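Participant: The residues making up each chain are set out below.
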Amino acid sequence: MSRTYTIKDNSVENRLFLNRIVVAFIVILLLSSGLIVRLIYLQIVGHEHYATLAKDNSIKIEPLVPTRGIIYDRNGKILAENTPSYSLELIPEQIKDIDDTLQRLKTLLAIPDEKIEQYQKLRKRQKRFVSTPLLMNMSDEELAKFAVVRPFFPGVDIHVNLVRHYPYYDLASHVVGYVSRINETELKSLPEAEYQGSKHIGKVGIEKSYEAELHGKTGYAEVETNAQSRAIHTVNAVDPDPGADLYLTLDIDLQKTAYDALDIYNGAVVAIEIKTGGVLVFASRPGFDPNPFVVGISNDAYQTLQTSEDQPLYNRALRGLYPPGSTLKPFIGLAGIEYNAIGSQNRLFCPGFYQLPGVSHRYRDWKKTGHGTVNLTQAITESCDVYFYTLASMLGIDNMHRFLQQFGFGEKTGIDLVGEKAGLLPSREWKRNQRNQAWYPGETLITGIGQGFTQVTPLQLARATATLANHGKVVTPYLVNKIVRANATTHGPQVPQEALPLNPANIDKIIDAMVNVVHGDRGTAKVIKNNITYQIGGKTGTAQVFNIKQDAKYNENEIDFKLRDHALFIAFAPADDPQIAVAVIAENGGHGGSVAAPIAGKVIKQYLAGRHEN
Amino acid sequence: MKTETRREQFEPPSLIGSILRKLHIDIPLFIGLFLASLLSFVILYSAGSQDMGVLIRQGARVGLAFTLMTVLAHINPFQFKRYSAALFSIGILLLLAVLIMGEIGKGAQRWLDLGFFRFQPSEMIKITTPMMIAWYLAEHPLPPRWKELFIAGILILVPTLLIAKQPDLGTALLVASSGAGVLFFAGLSWRFIASIAAILAALAPVLWHFLHDYQRARVLTFLNPEADPMGRGYHIIQSKIAIGSGGIYGKGWLGSTQSELDFLPESSTDFIFAVFAEEFGLFGCLGLLILYLLIIARSLYIASQAQDTYSRLLAGSLAFTFFVYVFVNIGMVIGVLPVVGVPLPLISYGGTSIVTLLSGFGILMSIHTHKKFIPH
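From first to last, the protein sequence lines stand for chains P and E.
For the first sequence, the residue numbers in our numbering are 5 to 618.
For the second sequence, the residue numbers in our numbering are 159 to 534.
Hints were generated in silico from the structure; no laboratory data involved.
Keep in mind the model is a prediction, meaning the values are calculated, not measured.
Every residue, glycine too, gets a C-beta built ideally from N, C-alpha and C.
There's no promise every hint is true.
Below, computed lysine-lysine pairings styled on BS3-like, alpha-carbon distance capped at 25 angstroms [to be verified]:
#1 E:K409 to P:K192
#2 P:K100 to P:K128
#3 P:K59 to E:K323
#4 P:K207 to P:K221
#5 P:K260 to P:K279
#6 P:K192 to P:K371
Residues from chain E shown here face chain P by an in silico Cβ test under 7 angstroms; the list is partial [unchecked claim]:
#7 M210
#8 V212
#9 W304
#10 G345
#11 W348
#12 R349
#13 G405
#14 Y407
#15 L452
#16 S462
#17 V482
#18 I488
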């Protein structure tokens, strides 16, 4: 149509419109004919076929739920299993007088009224031939009592269900996690067909991270039903694929040692097998009993867990953020000699404090009288703060940031657990973006002794220690070693260890200094050097919980327990061929040397003793 | 208005007829809609497992819908035209409100809770979008030129995307087609229609990328329902069985075994056609289709008789959208279109759609009964 006109031309528009009406109606008729053709195909051509199907549509498809995979530790000890749980179920249509039966059961098993009421409600919603539970999780006593009189209760029977059970209770609750009822939000995002029969889903820990593997593949049975949709017999079934069993790198006995050793302290212990990255210990204290979550934890119990000051639900090893304190010094020291900021034999005088030029503020050493003249080894051994203030100021924040990043500080380790925290490795850029402030020289100093903005997770600390002990070959931690399916075994996410561009001689110097921390006369962790045939390298640390004023004196005995410093310790052993790296954080433990180091010592000794036996 | 009353005097005086004319009701259209609603009760009684509660609730909605239709039929179409832009803007704002509330509430939301009832802005948009486009195009010479096409395209795209984001693919589709309907009746060139179709075909993979997982699953299921008999394919397989087993004559009213045995999900709502087809067979289906076609034919006739551009475009689009409803729903139930949540118009159980539909027909009646006599 030509477009020469610009003013409205009613007769042209009129014709155009009528034309379109006719076309529209023709299109509508054509499309409707399409529908009719399809209907003819379904209702005449396909009628016989579909009529048969409809008659057989007494065939109902029922999901067959796969058994959830079992979780083992590295030695095959069961961390999560499926145990039978017994429930008392009634089939109403097989019971002549249901009220009488309920009354008799009530007296026999001392069933509370509310359970009877609950059952009555449930029963009304179900078809009469469906077995509905009255009692769940029956005790042995209840089972025995009913078993004796069972013949007098037609239509009442005991049913067995598999229920997830965690035999180690609070010991590995954070790392193994738990399953619980699928909630509505989860239901929406889940593959509908896969979860048709499943009631539970992994909520945290390995149970969540490996949900797809543990769950398995749902099968289905085509069940023939009669007109009331009562199942008559199974026509055809596709069996479910059971969930895969998982073998973790975790050593539950070692975990127990670590967990028990934390004793009165809240905190975390992480131990990593250096050569592989396999996590041996992943303990967070306090733990919690995951078993009530499976059957449905009561609101009160959940509230108690949620509001407890000790935060038992919180996975400290994975998500706890702590200042690394002096445990950062070996890494800063290595940066110093790697970047040639200082020679390893250069000596500095420590008067007990450090002052920036032209500033009156004194950055104090933990030892008021000072350490005298120290070199790098002595500075690490005795944890001299002034040496590291000086070194930090020579390195500058940019170098420290760049160097520490290589050891994985400030980023997730990539462990196969959901919910990991990245921690914080401060930099000029970070401060500008997050706080809109410039970086101050004083902040460089305190970063050098692991205070200030820096925050690490126990897992990051263990990983960095492992990487250092591994002579700069980056260790990536993982938990699942083997995924065992019916027909195949796959291995967990082992990552090849990539080497950092570091001078081996420099690393040896740091390792020697760390050995001195444990074995030297003036070492801050010498308490753990006894009764071993090999050497342990370590570094103590103390993380301030609150700031003391410039002139105030920190007196441990005078302050509230909750405000005491956190005790930290990182270690590896044997020093000549490192196998295990450990990081310990004991909240409010006060001293790294006296509280945290013995915990790491116990873990290392037990692990290496076990290896020597083999 | 005077000419109109004079014209009425020439019509044969029949009591009901004159009452309906006073009410501005179009009799043929009214009869068609009334029959469809009656049929709705008949089928719902069977599909809803003979639950009187379902019928009572549906009855209340149908009553409300017919009342609203009558009220709208009373309003002069000039008023619709006058407030088109305002109503459209309010609708868009409400859509945004729903979207923002959904974001805050961390979940999909389609309605605003006004305390005493829940209101779905997307339903209102189904009518205000064609009103807006018709209003805009009526101001310009037709067929529309590039600039008008571009603006009209944006006006259609905004509500469509907002609704698709809820996510409600079915309603988004209906809104888009109501806008597209206006453009079509405005004389959009065939070449343009062809190129749009080509572009859409080329964009399909990109669109696929933006679909939600469940929406993709629906499309995949449509292509091969038997692949997933436990999950998404179940609806379509069961619905085909129900329809096919109905045969030519059907199993008779209340004779549906598939919905009775709970094999057929959503048998009262989106899949009600399957129950109807099973009980009334091919003849019943043809009858229902013819009823729908008669309603559409009458609506298109009303459009063709409309006297101003705005009324024509709006009436044509409303008729066309009604057909899209029918086609998409039946197409989905008989397995030739993917499953999108579009109810069978006037028949399916569920409140909002019937109210919106009859509001549309109220506007059609208003257009038809408020004509001025224009001498040529």
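Participant: Hints the structure violates: just list their numbers, smallest first.
Facilitator: Violated hints (numbers, rising): 1, 3, 6, 7, 8, 9, 11, 12, 14, 15, 17; every other hint is consistent with the structure.
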